[in-house]
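Novice: Given next are the chains, with one letter for each unit.
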Amino acid sequence: MKEKNLEDQNFSSPRGGEWIETQTQQKLKGTVAIIRERCKGCGYCIEFCPLKCLEFSKEFNGKGYHYPHIKFPEKCTGCDLCGMYCPDFAIFGKKLL
Amino acid sequence: MKADTKGVLTGLHFMDGDHSCCEGLLAAGCRFIGGYPITPSTEVVERFAERIPKVGGVFIQMEDEIASSIVIQGAVWAGLKAATVTSGPGFSLMMEHIGLAAMTETPCVFVNVQRGGPSTGLPTLPAQSDMMQAKWGSHGDYEIIAVSPNSPQECFDFAILAFNYAEQYRVPVMLMMDECVGHMYERVKIPSADEIELVERRWATCAAGEYLTYKPDADLVPRMAKAGDGCRILVESLTHDERGYPVITPQAQKKLVSRLVNKIKNNAHKIYKYEEYKIEDAEVIVVSYGITSRVAFKAVELARQKGIKAGLLRLIVVWPFPEKKIEELAAKTKAFVTAEMNLGQIVLEVERCAHGKAKTLLAGHAGGTVHRPEEILEVIEKAISPNSSVGIWEL
Amino acid sequence: MTQTLELKDKMEGLLRTNRLPHVWCSGCGIGIVLNSFLRALIASETDENKVAVSCGIGCTARISGYMNIDGFHMTHGRALAFATGLKLANPALKTVAIGGDGDMIAIGGNHFIHAARRNIDMLVICVNNFNYGMTGGQAAPTTTKESCGTTAPYGSFENPFNLPFIADACGAVYVARWTAFHVRQLQLSIQEALKKKGFSFIEIFSQCTELFLRKNKYGAGLDEMKFFKQNSVIKNGADTREAEFNSRNDKIVVGKFVDRERPDFKESMDGYFGKVLKDKFIRYEGPLQTKI
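Residue numbers (the numbering used here), protein chains in the order written: chain A, 1 to 97; chain B, 98 to 492; chain C, 493 to 784.
Extracted from the complex, chain A is given alone in its bound form:
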């Protein structure tokens, strides 16, 4: 029987993790990168976002959690407060301007 080696599962480049780029008319002030497979759906990023840019996605990740997605990309300033609150290193913010 082939042993399933859980340790070798590599979460360093799972789905997501790239900076989200949205096509809009106006220039974006900031953006976030969400590493979906690391998210455990605690909702801190959504609650503590000063401009309430984020919301829970309807999608599930591999562990069955709703991960966040950016609802109002034009509002995001990339302040990275979501990144500071995230206990799971699943979200990072960056300024674009």
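The set of hints was computed from the structure by calculation and includes no laboratory data. Since this is a predicted model, take the numbers as computed values, not measurements. Among the clues, some could well be false.
[Unchecked claim] Lysine-lysine pairs mimicking DSS-like chemistry, simulated, CA-CA at most 27 Å apart:
#1 K721/C <-> K151/B
#2 K286/B <-> K767/C
#3 K689/C <-> K58/A
#4 K431/B <-> K479/B
#5 K500/C <-> K27/A
#6 K27/A <-> K95/A
#7 K767/C <-> K151/B
#8 K718/C <-> K75/A
#9 K772/C <-> K99/B
#10 K429/B <-> K362/B
#11 K103/B <-> K286/B
#12 K63/A <-> K707/C
#13 K75/A <-> K500/C
#14 K63/A <-> K689/C
#15 K375/B <-> K360/B
#16 K375/B <-> K312/B
#17 K151/B <-> K770/C
#18 K637/C <-> K75/A
#19 K687/C <-> K500/C
#20 K758/C <-> K103/B
#21 K103/B <-> K687/C
#22 K71/A <-> K718/C
#23 K367/B <-> K421/B
#24 K772/C <-> K63/A
#25 K395/B <-> K370/B
#26 K375/B <-> K422/B
#27 K429/B <-> K370/B
#28 K479/B <-> K375/B
#29 K103/B <-> K770/C
#30 K406/B <-> K422/B
#31 K58/A <-> K772/C
#32 K707/C <-> K718/C
#33 K52/A <-> K500/C
#34 K718/C <-> K637/C
[To be verified] What follows is a list of derived Cβ distance ranges for each label pair:
#35 E472/B <-> Q781/C: 43 to 49 Å
#36 T346/B <-> N741/C: 42 to 48 Å
#37 T627/C <-> E18/A: 36 to 42 Å
#38 E18/A <-> Q781/C: 39 to 45 Å
#39 P288/B <-> K772/C: 22 to 28 Å
#40 K772/C <-> K367/B: 38 to 44 Å
Yeah, the Cβ is synthetic: ideal placement off N, Cα and C, and Gly gets one too.
We have chain A already, so just place chains B and C on it with the hints.
Specialist: Leaving out everything else, chains B and C in the frame of chain A:
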């Protein structure tokens, strides 16, 4: 590698075993001791505290033996050679970190100047009743090395030997002294530094980025990198893989724990050390170690005078136990008499390895003082009498 | 712009990413503490090769295994004693001991007070989640009165510890308390403490979502974060005796309470031996360099 001259007090001395042991530790390159006062071992750390500021190193008196036994492991991972010194009750408290040192493969030396037990027992009087505890005291399967000196000179020599074993096999090594050896004054000859051969730590030789904390060499012993080298080591007390990552599976447990045990078992033939006296034609072999071996020597002499063909097998390294040697002798001799200052510990090993081919008797002693030679002689006589049966040992 | 991009990459570089997601439950505050610690390391520009993290056993103690820096996962309660050895044997290391309340102050309480008394140069971070998480939510020496744990099924009636007060009384040079909600202050506090020479202590109130909060019906992780937000009063420089948090009705006093100078262990040792032994004293500088 030769010893560092700074720590070697070359010359002839008249000193007791505790002080001699301290000089041995210094000569071996030990530059860190975490200790806690306990009779009859305190003289070792007292001398170290006096000597170390003039040699260059650290002595710290910790809050208890639990702390002493782990602070030294911190020092080892920071790159020093380190030891701790204690006696019975303190040794019991240190068990947690003997297991830790075995699991994390931290080379360090635990000196135990044995005294009578259980519990507080006989603080100022000798015993050899921690021998099984040294091997089996901490939970789980692991192997250690235990060395037993019988004179102040050997306290010096074996402190160096203990460090050499620790560095060679990355195990905690027990230096099992006793109150008698510790407080006995004799001539101690400390050689010059260039006559002292030391085993260097098995430092990692690969590039920092490629280093894995627990990747073993062919002899099953991994190489070591110290904290601050940029190797990003992960020292793990949970069952771990080669990277040091915890893996809680039966497979990882089997792989790790069998390696911890086998790195000593497979190399045991290089570790065994014993002395033989008049063993070639012996019909009764006295097995002994530590201070008791000196009494046993006299008992063998007395037996020879009486015409009994007695011999002495004196164990220097008690753990790993010289199984092959006992097996070999069991085929040739009629009986083993195990003389030890406890109510039957190493005799169990002798009995196991004799496989019933020779009688095994105990010349035990509850501790507090050494045997009289006549007490051992009595058991030797009993051993050759046709009425005594195999495997029975009386107190 | 490039700076924040670098921050994400730096964070990833300081994590053993192949071990993520970590063991902590959804919403657990320990992840926030780890996050703040790594951000503080980056912001304070500490040489990460010279940082060693010593941990005991427990949920919080798992922290060392996720950081891509020299990490030690030792025995229960002994993180501070181990860190003492590391620091004294290599004074160039920046030693950090991180542990939970049970680990550091119950079984490791003796090591805690003595490390503070000796003023060993290390940063000590205690994540206080009011119970034993790893073993399933038993009462701890920090459990607030009338809160339940599995070993205090009718509620705890014991007086909990006031950790900043203990650290202060034992001689710590830096004492602060924050909650998992105060991420910015926490990060700045860790940055400050990393620069400090001597025994620095930071207590962090954290939410144990699946055990302490669930058992006591205090809500989810988010509710506890709001509780921390609403009930905290920042009192920098306050007397540590005021920092008691005996029951859930008390205000949570947070802030930096102590920031003072005292010679640390090594300084005292070297200074004193130099004075009494004069030129016979050989100062210990650190282990010999090895090839790597």
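Novice: Which hint numbers does the structure go against, in order from smallest to largest?
Specialist: 1, 2, 3, 14, 15, 16, 18, 21, 24, 31 and 35
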